[in-house]
Structures are given as C-alpha cells and as structure tokens.
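*Asks:* Here is what each chain is made of, one letter per residue.
2 protein chains.
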Amino acid sequence: MTLIDRFTADYGKVRKIDAFGYLDYLRTNPDAPRKHGKVVLVTADTPLKASRGEGKTTTTIALIDALRARGIDAAAVLRQPSMGITAAGSKGGASGGGVASLTHPELVDWGLCGEMAAISAAQNLLVSFAEKGIDEGLLDTVLVPRVCEVPSRSLRQIAVDRGKGNIPERVVLTPTCELMQIVILSRSMEEIGRRVAAMIAGTKNGRPVAFGEFIDLWRVTNILTDAVKPALTETKGGSPVYVHGGPFANVSIGIPSLVSVETACALHDVVVVEAGYGTDAGAQKWLDIACREYGAQWPSAAVVVTRATTWRDDPTLRWRYPFHVNRLEGLDIPTFPLINLWSGEDDEVDSLKATARELGFREPVVGNLFRDGGEALVPQLDAFVEVLTASKGADHHPESHKGMPLLDDVRWVARSAYGVPAERVVPREGFAQSLQSASDLAAAAGLDINDLALVAVKSPATMTDDDHAPEDRRSVTLKKVEIHAGAGLVHVNLTTSLTTPMPKIV
Amino acid sequence: MTLIDRFTADYGKVRKIDAFGYLDYLRTNPDAPRKHGKVVLVTADTPLKASRGEGKTTTTIALIDALRARGIDAAAVLRQPSMGITAAGSKGGASGGGVASLTHPELVDWGLCGEMAAISAAQNLLVSFAEKGIDEGLLDTVLVPRVCEVPSRSLRQIAVDRGKGNIPERVVLTPTCELMQIVILSRSMEEIGRRVAAMIAGTKNGRPVAFGEFIDLWRVTNILTDAVKPALTETKGGSPVYVHGGPFANVSIGIPSLVSVETACALHDVVVVEAGYGTDAGAQKWLDIACREYGAQWPSAAVVVTRATTWRDDPTLRWRYPFHVNRLEGLDIPTFPLINLWSGEDDEVDSLKATARELGFREPVVGNLFRDGGEALVPQLDAFVEVLTASKGADHHPESHKGMPLLDDVRWVARSAYGVPAERVVPREGFAQSLQSASDLAAAAGLDINDLALVAVKSPATMTDDDHAPEDRRSVTLKKVEIHAGAGLVHVNLTTSLTTPMPKIV
Numbered sequence: 000m001t002l003i004d005r006f007t008a009d010y011g012k013v014r015k016i017d018a019f020g021y022l023d024y025l026r027t028n029p030d031a032p033r034k035h036g037k038v039v040l041v042t043a044d045t046p047l048k049a050s051r052g053e054g055k056t057t058t059t060i061a062l063i064d065a066l067r068a069r070g071i072d073a074a075a076v077l078r079q080p081s082m083g084i085t086a087a088g089s090k091g092g093a094s095g096g097g098v099a100s101l102t103h104p105e106l107v108d109w110g111l112c113g114e115m116a117a118i119s120a121a122q123n124l125l126v127s128f129a130e131k132g133i134d135e136g137l138l139d140t141v142l143v144p145r146v147c148e149v150p151s152r153s154l155r156q157i158a159v160d161r162g163k164g165n166i167p168e169r170v171v172l173t174p175t176c177e178l179m180q181i182v183i184l185s186r187s188m189e190e191i192g193r194r195v196a197a198m199i200a201g202t203k204n205g206r207p208v209a210f211g212e213f214i215d216l217w218r219v220t221n222i223l224t225d226a227v228k229p230a231l232t233e234t235k236g237g238s239p240v241y242v243h244g245g246p247f248a249n250v251s252i253g254i255p256s257l258v259s260v261e262t263a264c265a266l267h268d269v270v271v272v273e274a275g276y277g278t279d280a281g282a283q284k285w286l287d288i289a290c291r292e293y294g295a296q297w298p299s300a301a302v303v304v305t306r307a308t309t310w311r312d313d314p315t316l317r318w319r320y321p322f323h324v325n326r327l328e329g330l331d332i333p334t335f336p337l338i339n340l341w342s343g344e345d346d347e348v349d350s351l352k353a354t355a356r357e358l359g360f361r362e363p364v365v366g367n368l369f370r371d372g373g374e375a376l377v378p379q380l381d382a383f384v385e386v387l388t389a390s391k392g393a394d395h396h397p398e399s400h401k402g403m404p405l406l407d408d409v410r411w412v413a414r415s416a417y418g419v420p421a422e423r424v425v426p427r428e429g430f431a432q433s434l435q436s437a438s439d440l441a442a443a444a445g446l447d448i449n450d451l452a453l454v455a456v457k458s459p460a461t462m463t464d465d466d467h468a469p470e471d472r473r474s475v476t477l478k479k480v481e482i483h484a485g486a487g488l489v490h491v492n493l494t495t496s497l498t499t500p501m502p503k504i505v
Numbered sequence: 000m001t002l003i004d005r006f007t008a009d010y011g012k013v014r015k016i017d018a019f020g021y022l023d024y025l026r027t028n029p030d031a032p033r034k035h036g037k038v039v040l041v042t043a044d045t046p047l048k049a050s051r052g053e054g055k056t057t058t059t060i061a062l063i064d065a066l067r068a069r070g071i072d073a074a075a076v077l078r079q080p081s082m083g084i085t086a087a088g089s090k091g092g093a094s095g096g097g098v099a100s101l102t103h104p105e106l107v108d109w110g111l112c113g114e115m116a117a118i119s120a121a122q123n124l125l126v127s128f129a130e131k132g133i134d135e136g137l138l139d140t141v142l143v144p145r146v147c148e149v150p151s152r153s154l155r156q157i158a159v160d161r162g163k164g165n166i167p168e169r170v171v172l173t174p175t176c177e178l179m180q181i182v183i184l185s186r187s188m189e190e191i192g193r194r195v196a197a198m199i200a201g202t203k204n205g206r207p208v209a210f211g212e213f214i215d216l217w218r219v220t221n222i223l224t225d226a227v228k229p230a231l232t233e234t235k236g237g238s239p240v241y242v243h244g245g246p247f248a249n250v251s252i253g254i255p256s257l258v259s260v261e262t263a264c265a266l267h268d269v270v271v272v273e274a275g276y277g278t279d280a281g282a283q284k285w286l287d288i289a290c291r292e293y294g295a296q297w298p299s300a301a302v303v304v305t306r307a308t309t310w311r312d313d314p315t316l317r318w319r320y321p322f323h324v325n326r327l328e329g330l331d332i333p334t335f336p337l338i339n340l341w342s343g344e345d346d347e348v349d350s351l352k353a354t355a356r357e358l359g360f361r362e363p364v365v366g367n368l369f370r371d372g373g374e375a376l377v378p379q380l381d382a383f384v385e386v387l388t389a390s391k392g393a394d395h396h397p398e399s400h401k402g403m404p405l406l407d408d409v410r411w412v413a414r415s416a417y418g419v420p421a422e423r424v425v426p427r428e429g430f431a432q433s434l435q436s437a438s439d440l441a442a443a444a445g446l447d448i449n450d451l452a453l454v455a456v457k458s459p460a461t462m463t464d465d466d467h468a469p470e471d472r473r474s475v476t477l478k479k480v481e482i483h484a485g486a487g488l489v490h491v492n493l494t495t496s497l498t499t500p501m502p503k504i505v
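Top to bottom, those sequences are chains Y and Z.
Residue 505 is where the first sequence ends in numbering that gives the first Met the number 0, and the numbering goes up by one at each step.
Residue 505 is where the second sequence ends in numbering that gives the first Met the number 0, and the numbering goes up by one at each step.
None of these hints come from the bench; they were simulated from the model.
A portion of the hints provided could be inaccurate.
[Unchecked claim] Computed spacing ranges between beta-carbons, pair by pair:
no., chain 1, residue 1, chain 2, residue 2, range
1, Y, Arg5, Z, Val384, 48 to 58 Å
2, Y, Asp139, Z, Asn204, 56 to 66 Å
3, Z, Val384, Y, Gly211, 49 to 59 Å
4, Z, Thr27, Y, Asp4, 48 to 58 Å
5, Z, Asn165, Y, Arg5, 37 to 47 Å
6, Y, Gly97, Z, Ser187, 29 to 39 Å
7, Z, Trp318, Y, Asn165, 41 to 51 Å
8, Z, Val348, Y, Asp23, 48 to 58 Å
9, Z, Thr27, Y, Ser350, 37 to 47 Å
10, Y, Ala468, Z, Phe213, 37 to 47 Å
Glycine residues also receive a C-beta, built at the ideal position from the N, C-alpha and C atoms.
With the sequences and hints as input, model every part of the structure.
*Replies:* Here you go:
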C-alpha cells in the first residue's frame, strides 16, 4: 500500500482522496516520498457564448494522454461541471469529447459523489440559521443567499415567510456561493470553520453579524466531511484526472480546489489545470486570485485553446486571441497556442500555422482532438516538454495586491486582462454608493475592503462593454460591489452584459 | 464473486447496491440462488414528542445482532434520517445507541452518499421547469413544492420572482416530497419515469398539467442514478444493515424503499424493517400503504418498542401502548412487546412483566439495549423465533382499499389505527371544499381520488385531537386534502396538532 492509498477510498466508479489528511501528512513528514509537479494552465480564447466552449476539457485530456505516451507522469485537475445546468439543458457536461473523454463522463456531469449537493445543504443551513437570527432579533436583514443546484430565473429574488415576514432573500447557483469558494480556497477543515465563522449572515441596525457569533460551526463542517475530498477518475486513455470544485469563473472564482492541485502535484510530475471560460476569466482568476493571494503554484506553461472559427472568423473579435497569448507571455509564462480543429478543417492547418507565425506566437499545436485525442499531440510537444523541463516550477511568487485600493485593482485587471486603460473604466450610476456600502460593511466587520481579493464578475463571452468596438473605444463599466468576508473576496460586477448567478432555465 | 457482488460497489465506508438491477436479474432468472426472507416490523409506542424516540433503531440493531448470535441469517432495513434535522439540532441522528449502534453512524446521519440531496436537486429541477412553464404560458400556478434538506420556518411560504411575478410557492423538507415517495415506492427506473410524468406540475385555467406533458424525463432520472441504490452498512456486532428512503412517517410515508426490503429478503432469512415513529404512523403506513396497495410483504411478526416511562407514567396516555399491541395482534401479526430499559431501571423488570401479563400481552422482551445490545435479547427470543419459523412469510395478501371512498378510508384508519369511531371523525370548516378541490383536480388528471392510497398526515406524538381525553371523547379532526398523483397517494391532514413539512429550526 502506497502512502496515498491510505488516504484514498473507492466511491463507486471513482475514488475519493482525503486531500486535507494527505497534505497534512506530507507537511508533518517532510521525508515522505512525494513529487513536486509543475502546473500547466489550459485556458482558452474568450468563447462566443457561454454554452459554446473551445474544447478546454478535451484538450486537457488529450494533453495528459499525449504526455504520458511520451513517458511523462502527467495528470489533470478539472472542476466539476454544474449538474443543474446540464440537467436543465443549458449546456452539455464538461468531461471532454470523443477520443479525449473521461471513462465515466456521466458521473462527473451528474453530481459526482454529491460534493456540490453537500455544499448546497450547508449553505442553505447557514441561511436557515440567519432566518432564525431574524426571529430572535439578532438580525434584521439576511445577506447570505440561499443556493440551488438547478437554475431558475424565478428564484433570483424571493420573499420568504410570505404573508408574514416577507423577508427578501436571494438564491444563487451553488457553484457561485461563498461556501463553495471557501471549500475551493481552504487547506484544512479548521480553515473552513474559521472562514465560515467570518461569513456575514446579515445585518442588525446596519451592522454586520458574522455566523461565528451565533452558530455552531460543526453543523456546517460535518455536512462537508466528504465534499472536501477531491475525486479521482481517469481518461479513456488511462490517465489520472482529479475533479474538485465548482465551475463559473465568470461569476465566481471557478477554479479547482487548491488542495486538489497540490495533491496532484505531490503525486505527478506535470499537473494540467483547466482554467475556463476564457483566459480573461479562468486564467485571470488562477493567476491573480489563487497564485497571487492564496499561495497556489504559478504555472510553468500555458496552453490557450481556440477553435479556428472563434479566433479568425469575426474580424471585430479577432484581437482577443492574440491579446490572451501575449498577455500570458508577458507574464513570463511560456504560452502555446492550440487550435482544436473540427470536422472538415484538416486542410486549414498550414494557413493557421502561417497566421500564428505572423502574429509572433510560438509554433501552434493543431489537431482534431475529438477525433484523434492525444495521438494528434504526441509529435507536436517537443517545445512544450522542453519548456517544462527547463522550468523551475513553484519558485515564482507573484506580488500580492493586498492593500491596493480596490478601484486601482479593478483598473489593473481591466488593463492587464482586458486591455482597457484606466480612463475608460467607468463607474455606472450607483456604483460609488455600492462601493461605499461594501467598504462600510467590511470595515464594520473589522476588514479593509482593499485587503480582499478581487473577483471580477462579468459575462463569460465578453471582456469589455463591447468587444466589437475598436481598441481605442473599448470600455469597462463598473456596476456593483459585494463582499464575501469569509472567503476573503470582493466581487465587482463589470461590463454591461447580463451576468447573473441564477440563470434562466432553457 | 457471488451474484449480489455483481450489483454492489464500495462507496467509502458503505456499499451501494443496484437493487433495480439485482431484482430484475432475479425476476428474469428464476433459478438464481436467492432466499425468501420473512419481514419483521419493529415499531413503537407513540412517542411523547417527535424528538424523543423509544429506541426503535437501537432495538432493530440489537435484535438482528441477537438473531445472528442464535445462528439465524438476519438483516435490518432502516430509513435514512434527515440530515437537515440533525444538522439543525432538532433531533439526534437515527443510527442506534451504545452497544447497539452502526459502525459508522456519522455517515448515515450526515447525508450518506448524497441520496437525499440528489432527490432534492431533481425535485427542484421539476419546480424550475414548472416556473418556466409559467413563463411560457403552459401553467398559471405552480403546485409542486420546492424542497430543502434543512428546516426553515421562513420557507413554508415563499414568493418567487419577487417584485415581478410574485408567484406563490411552497417549500417542504426533502423527505416529505413526492419524488422521495416515488423513489421509495418504485421498482424500476422506468416506473420512476412514469410516475414523474404523472406528477402534477401546476394548473392552467384550473386544469392540472402533468410533467409528462412538457419535460424530458431523462433529466430527472439521470440525477437519480445513484440515489435509487440502497446503502449497505453494518452494526458494531457485524450484522448487515440496509439504509434507503427518507423518514417522517407522520407527514409522509416514511418507510424504507420497497426494493431495499425486497433485496434484503432475497439475501437473508429474517429482515427486520424499522417503521417509525409510533405504530399509528410507521407501522400503519407499512401495513396500509406498502403492503395493502404496493405489494410489500406482510410482516410475519412485529416488535413494539416502548420505554417503561412512556407506557406507564402518564395515566391518561397509558391506553396507547396496549392499543397498538392489540391492534397488530388483531391483524394476526404475532406481536412482541419490547421494553427498552434506561439506566437505573433494571429492578423494574418483574413488575413490568407482571403488568404485561395482566394486559394479556405475549411475554415481553425486556433489556437495556444501549448498555447490553443484542446480548440482552439472545436468551429471550425462543417464542419469537418459534413464531418466525411457523410463519408462512409472504403468503398473506391484505385487501386493497382502492376504490373505497376516501372519507370511508379515513374513517377506517381512524377506527383501526387510532381507536376513534366514525361519528367522532369530524371535518373542520373548509375540509369539504379541500376534498372537493382535490377530487376535481384528480378527476381532471384522469384519476379517481378514491383509487389513490391514503397518507394520514398528523403529529408524530398524537393519534387524536387530544390523546389525554377519555376514550369516548377522543376525536379526529379532518383538515385538508392534497393529491400526489405521480406517487399515487392522497394526503389527508388530521387532528388539530401542528403538522408541517417544514419545521422551524431549533
């Protein structure tokens, strides 16, 4: 029995890993056998719409299959897709496609081992205790939203205790809730407990009341016992895939749990982390939240996936893909363009490569990964493997933005991740008031809002108010601010696009 | 590998059984090795309050440990307790106590493998589709309630789409919802699909609209893939225990799933089924719903658990325990009184036995099962084992009440299960109208309300409007009627006690 087997159990067709226990063992036993895997980010071009992916999961699967075929111990870490969105028909699952698939995509797409459901129950328990706080005079507003795994436009705004209290509440999709963020960012059950204690339940006479002031934390942590354990499954090609954490890098953080990546890094040499939707969403969150503020590993390389049509066919959106590749290269992350061909596009390879060369990219990796899987990639990975071999791995520690005034941080993200300069980052009417309220709420909870990590909330399909506009007219509108004191995050809603954590069912 | 192993998989510290697959295999392979176990019902005295059990689970565990110690292949089937109620602190778990416990009570008490959470998600998906039906003009009311695993008084009545549609909805605890009933009563995924299709989503111009008219059933059945599989765990003494189905025999059916009991009967000689709360709730539902209407096995024997204090110390409630024992004996079910002693009560054994003898009971089984577990029972089970050996098992087929006018059926339950004659079964103002509305709704859905199986909805701690009243003044008030067309059930709310499927958090 190897070390990791002591922290692993079968759950039907997947395995679950006690990552907290395993990583704690490694911390307290520095001589225990382990690896120090390097992180590779697989991200993508900004999609044309939320439901149309470029093929990140397919690429991630093909990439680890190809690396393993070349004798490299590679693994992938995926977020769990939203069962609710899949069940409602808004989107397919997120478990690859064709040859580049998981062995049991139905498990990953349809609720896995109940992780997200347990987080739903725990977050809703918190809201029930907040309502009890209202009954007992501890609170006069409920700020923490209920959650639902399945979408419903009607649930965006609800009134509970109808006909009596008529207390306003909100409902959000489970993956976007603060407790999901806490599970993703925490490295122990004690940390989860501390963060839940710091969550703001609501207000009393305008002052924030944290859950730690009036609930027993074990009620929440007991529900989460199994939900904090990453699942381990595999690709059809037999490569290991860890799955943990909720999606939606546009309206939340949408990254895999930090401990799932750290566990994979202790077990494999190369760990491919999927960060979606586009580079402006998932990669921005991984780099600027996970790495910059929560000690996650800076990537040794990145792969930016696009379909030929996304990148090329709309002249007014053609700027986005090179912008993403250049942004990551500018951060000293060796970045490989990957063009995921669809049926009938095989004869475009030469012209795609020529265009990439003109744009100054590294030699792009091109293949029909649905049809050919990792085999399409094996002969194209020399430069990629060379970069990984040369990388020093976890040595790069980016500067934290803690303490940077929130508006400056928003401007920094707009400039570096969306290409919009400060003068065209424009507050909408009411934004200043929303910022002031959030700052005051943070201050009353003993926090400086500038110490919270910024979560840009926006449409997955746009980076600016109008991505079709010419560069010198692109702007970012600031809409509102909301703090997640327990997770240590501040959400700022950006751009004029509709963004809602509770979509309409389709 | 034995036959059942082919239908079983490890899920952490429990196993999950594909009961649909196993039972289907047995149906199509009549020569496959199997047993024909006899069902024993463990039920109880009516508790003094919902949160104070008599020790049914403890007894069930001790009983199978004792039977196995005597060389009999016995197993138990339990319902899963409500995690929400446990987490909210309203009630401890339901996994036995002391020596008579499960090996991993925390798993059973805290969400098991996510079965109830999956049912929550699926029922809420149905409601989201009903709301979409409102948006699209298919419906103008939503009748199917949302569910929540954790209690909240505030959720009893909500308005969704607040400030716009203000559509009234209800929220009930997951264990009480129609989809839970469908999972408990169905013997195949196809049957679940058919029953979901027959669920009434809401109304359009007063006419019922069933889900089968406008949703894809696979969306719901895919979510339930693992939730329909009973879990297998064991007692500290090593006896097998199957767990499947939600609790609350007072506000719903609250029995284990039919397939969990049938699977256990194919694998063991004696199958002890826990039916709570009191005999008037859990046992009444098992006998009159599961056996009478859904083909479940009539019990070969029953054990009625009480604490000495419950049975004896309140002179105005002392009638209830003998009433229960005599009722079951009157149905030709050999019924064994079991007095579950608490600390300090050992010297009461002789007087308890003497009283039991005066009441004409069979020789009671007496023991401190928390302290002594099955060992306390081993020497007392001669008569019990004799009865089981003599029983012909599944041969008794009770008459269906299908087609009996609903009011007559209610009167029949009041008389036989609560001891109240027809003339003191009294409709409250509004009841006749509620009955008429429910009958009309059923008729418009193509059903005769008298063909639905009656679910008496009442307080777990009372059988009548006032159990303290003298026998000739006890009455049952009829409050309202609600149909669950998919599950094939009609709920009738009884007695003046507060009964709500969404309790206040404590």
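*Asks:* Could you run down the list of hints and mark each one as holding or not?
*Replies:* Hint check:
no. : hint                              : result
1   : Y:Arg5 <-> Z:Val384: 48 to 58 Å   : violated (43 Å)
2   : Y:Asp139 <-> Z:Asn204: 56 to 66 Å : violated (41 Å)
3   : Z:Val384 <-> Y:Gly211: 49 to 59 Å : holds (55 Å)
4   : Z:Thr27 <-> Y:Asp4: 48 to 58 Å    : violated (38 Å)
5   : Z:Asn165 <-> Y:Arg5: 37 to 47 Å   : violated (55 Å)
6   : Y:Gly97 <-> Z:Ser187: 29 to 39 Å  : holds (32 Å)
7   : Z:Trp318 <-> Y:Asn165: 41 to 51 Å : holds (45 Å)
8   : Z:Val348 <-> Y:Asp23: 48 to 58 Å  : holds (51 Å)
9   : Z:Thr27 <-> Y:Ser350: 37 to 47 Å  : violated (58 Å)
10  : Y:Ala468 <-> Z:Phe213: 37 to 47 Å : holds (41 Å)
The earlier numbered hints that this structure contradicts are 1, 2, 4, 5, 9.
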